[in-house]
Amino acid sequence: MPYIIYGRNPVKEALESPRKKPIQLYLQNDIQGDVINKIIEGANRLKIPIHRFDKNTLQKIVGYQAHHQGVVLVYEPLGNPTWKDILIKAKSKRDSLVVFVDSVEDPRNLGAILRTAAAFGVDGVIISKAHT
Numbered sequence: 002m003p004y005i006i007y008g009r010n011p012v013k014e015a016l017e018s019p020r021k022k023p024i025q026l027y028l029q030n031d032i033q034g035d036v037i038n039k040i041i042e043g044a045n046r047l048k049i050p051i052h053r054f055d056k057n058t059l060q061k062i063v064g065y066q067a068h069h070q071g072v073v074l075v076y077e078p079l080g081n082p083t084w085k086d087i088l089i090k091a092k093s094k095r096d097s098l099v100v101f102v103d104s105v106e107d108p109r110n111l112g113a114i115l116r117t118a119a120a121f122g123v124d125g126v127i128i129s130k131a132h133t
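Under the working numbering, read the sequence shown as residues 2 to 133, first letter to last.
Note that these hints are calculated values from the structure, not bench results. It is possible that some hints are incorrect.
Claimed, not checked - Mimicking DSS-like on lysine-lysine, the simulated pairs with C-alpha atoms at most 25 Å apart in a straight line are:
no.: 1; residue 1: Lys94; residue 2: Lys56
no.: 2; residue 1: Lys21; residue 2: Lys94
no.: 3; residue 1: Lys130; residue 2: Lys90
no.: 4; residue 1: Lys39; residue 2: Lys56
no.: 5; residue 1: Lys90; residue 2: Lys61
no.: 6; residue 1: Lys92; residue 2: Lys130
no.: 7; residue 1: Lys13; residue 2: Lys39
no.: 8; residue 1: Lys61; residue 2: Lys85
no.: 9; residue 1: Lys13; residue 2: Lys48
no.: 10; residue 1: Lys13; residue 2: Lys92
Quick caveat, the model's predicted, so the values are computed rather than measured.
Let the sequences and hints guide you as you build the complete structure.
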């Protein structure tokens with residue numbers, strides 16, 4: 002099921018993210034600027050179709066409360082890698098680091114572990130199922 006991201010910077014970042022699979026880019030007809038040019042370059046590089054709409058049509062797509070800034074990206078999230086995928090990727094690097102997490106019951110503790118792992122550039126985090 003596709004998802005949407007809207008706004009100039011969120012869309013620009015999503016186009017650079019390996020964790021998302023962009024499907025289509027919607028731009029407001031009269032939108033322009035440096036960030037828009039970078040977004041268009043990113044979409045062209047990824048061979049994503051670009052469609053232009055008027056402001057009203059984009060508002061209907063994202064909802065009237067959203068501030069889309071004339072930019073909407075339709076994407077599919079990539080699935081989570083398996084533990085085998087993580088280990089294969091880690092083996093291909095010289096100094097890789099993988100964290101194994103077991104029996105963490107408090108979600109705040111897991112959040113702290115994940116944030117710390119991200120800060121230290123960990124290649125992957127493998128989390129066991131409860132009590133396995």
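Structure versus earlier hints, numbers of those that do not hold, lowest first: 1, 5, 8, 10
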